[in-house]
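Trainee: Listed below, chain by chain, are the residues.
2 protein chains.
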Amino acid sequence: MLFRMTYTGIRVKDMEESLRFYTEILGMQVIEPLESTPTTEGKVVTLRSPSSTQLLELNWYAAGSRFGPAYSNGEDLDHLAFECDDLTDAVAELARRGIEVVFRLKEIGGWNEAFVKDPNGIWIELLQSRQKPTVPG
Amino acid sequence: MLFRMTYTGIRVKDMEESLRFYTEILGMQVIEPLESTPTTEGKVVTLRSPSSTQLLELNWYAAGSRFGPAYSNGEDLDHLAFECDDLTDAVAELARRGIEVVFRLKEIGGWNEAFVKDPNGIWIELLQSRQKPTVPG
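These protein sequences, in sequence, are chains S and B.
Quick note on my numbering: the first sequence kicks off at 1 and runs consecutively.
Quick note on my numbering: the second sequence kicks off at 1001 and runs consecutively.
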């Protein structure tokens, strides 16, 4: 049997706030529009960054849905990774827009990286390849 | 600033067991080989299903690493989704191989679906489009 990974689905606490974060702050585009899912008593929307093939599904469940136990941040979702062209600028821009920055800058392998948190407390890794030289901001 | 989603990183409790699940059971292929990451006191490997572009990174951290607090299954990672050609066969095969099946079969929209758990307790959604008729198993 052949299995084909299709997308990552995260659960969000507030659909509007998360949709705003992933589209307005991180620039993702809506690939499958927001729709209600009566079976789960929830809402779902699928997103993709321009020039990326990775699909991110946002899932929201109404209070009382059996798919929606109390929200908690686990360890099983380690992080979602996003590349950017200038990490210093990116972190400064996100901080200015009120996004919580967890780690500022760090070098791992050939990458500079930083971590911020999405509105649900999910760690977002920001990556910039060190192949392209950076002018420090 | 343009951000481009690059991959989803999950944290695993036992790298060998998880690697076996995602490669031998779900058929993913190693895209970036398993390597040690001294900065995080861990190991990392990147996987992709044949004929899919979605990238899944498995992260493991040694006991005592500051990246590795006690493992817990949260609500923030809702599920990872995998398509298959025959959901009934797929569920039967996984159950036979000792994988925990959470929900057997359900219809949502144009899809049949089932849920199993990976070795870390992460929910894996199995999907089959109902566009192609299924012969019940």
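Think of the hints as simulated: they come from the structure by calculation, not from any bench.
Please note that a few of the clues may not be correct.
Unchecked claim - Label pairs and their in silico Cβ distance ranges:
| no. | chain 1 | residue 1 | chain 2 | residue 2 | range |
| --- | --- | --- | --- | --- | --- |
| 1 | B | A1092 | S | A70 | 17 to 25 Å |
| 2 | S | Q131 | B | Y1071 | 31 to 39 Å |
| 3 | B | G1064 | S | I108 | 43 to 51 Å |
| 4 | B | F1103 | S | G98 | 15 to 23 Å |
| 5 | B | A1063 | S | S36 | 39 to 47 Å |
| 6 | S | R66 | B | M1001 | 36 to 44 Å |
| 7 | B | G1064 | S | V30 | 41 to 49 Å |
| 8 | S | I31 | B | M1001 | 35 to 43 Å |
| 9 | S | A92 | B | E1041 | 27 to 35 Å |
| 10 | B | G1064 | S | N73 | 19 to 27 Å |
Ideal placement from N, C-alpha and C gives every residue a C-beta, glycine not left out.
Trainee: Now tell me, hint by hint, if it's right for this structure.
Mentor: Evaluated hints:
Between B:A1092 and S:A70 the beta carbons are some 34 Å apart, a value that contradicts the proposed interval 17 to 25 Å. Between S:Q131 and B:Y1071 the Cβ separation comes to about 34 Å, which falls inside the hinted range of 31 to 39 Å. At about 19 Å, the beta-carbon gap between B:G1064 and S:I108 misses the expected band of 43 to 51 Å. Between B:F1103 and S:G98 the Cβ separation comes to about 39 Å, which falls outside the hinted range of 15 to 23 Å.
Distance hint check for B:A1063 and S:S36: the Cβ-Cβ separation is about 44 Å, which falls inside the suggested range of 39 to 47 Å. In this structure the hint that S:R66 and B:M1001 lie 36 to 44 Å apart at CB holds, the actual value being about 39 Å. A beta carbon spacing of about 42 Å between B:G1064 and S:V30 agrees with the range 41 to 49 Å that was offered as a hint. At roughly 21 Å, the beta-carbon separation of S:I31 and B:M1001 lies outside the given 35 to 43 Å, and the hint is violated.
For S:A92 paired with B:E1041, a C-beta distance near 29 Å keeps the hint of 27 to 35 Å intact. A beta carbon spacing of about 21 Å between B:G1064 and S:N73 agrees with the range 19 to 27 Å that was offered as a hint.
Against the hints set out earlier in the document, violations occur for numbers 1, 3, 4 and 8.
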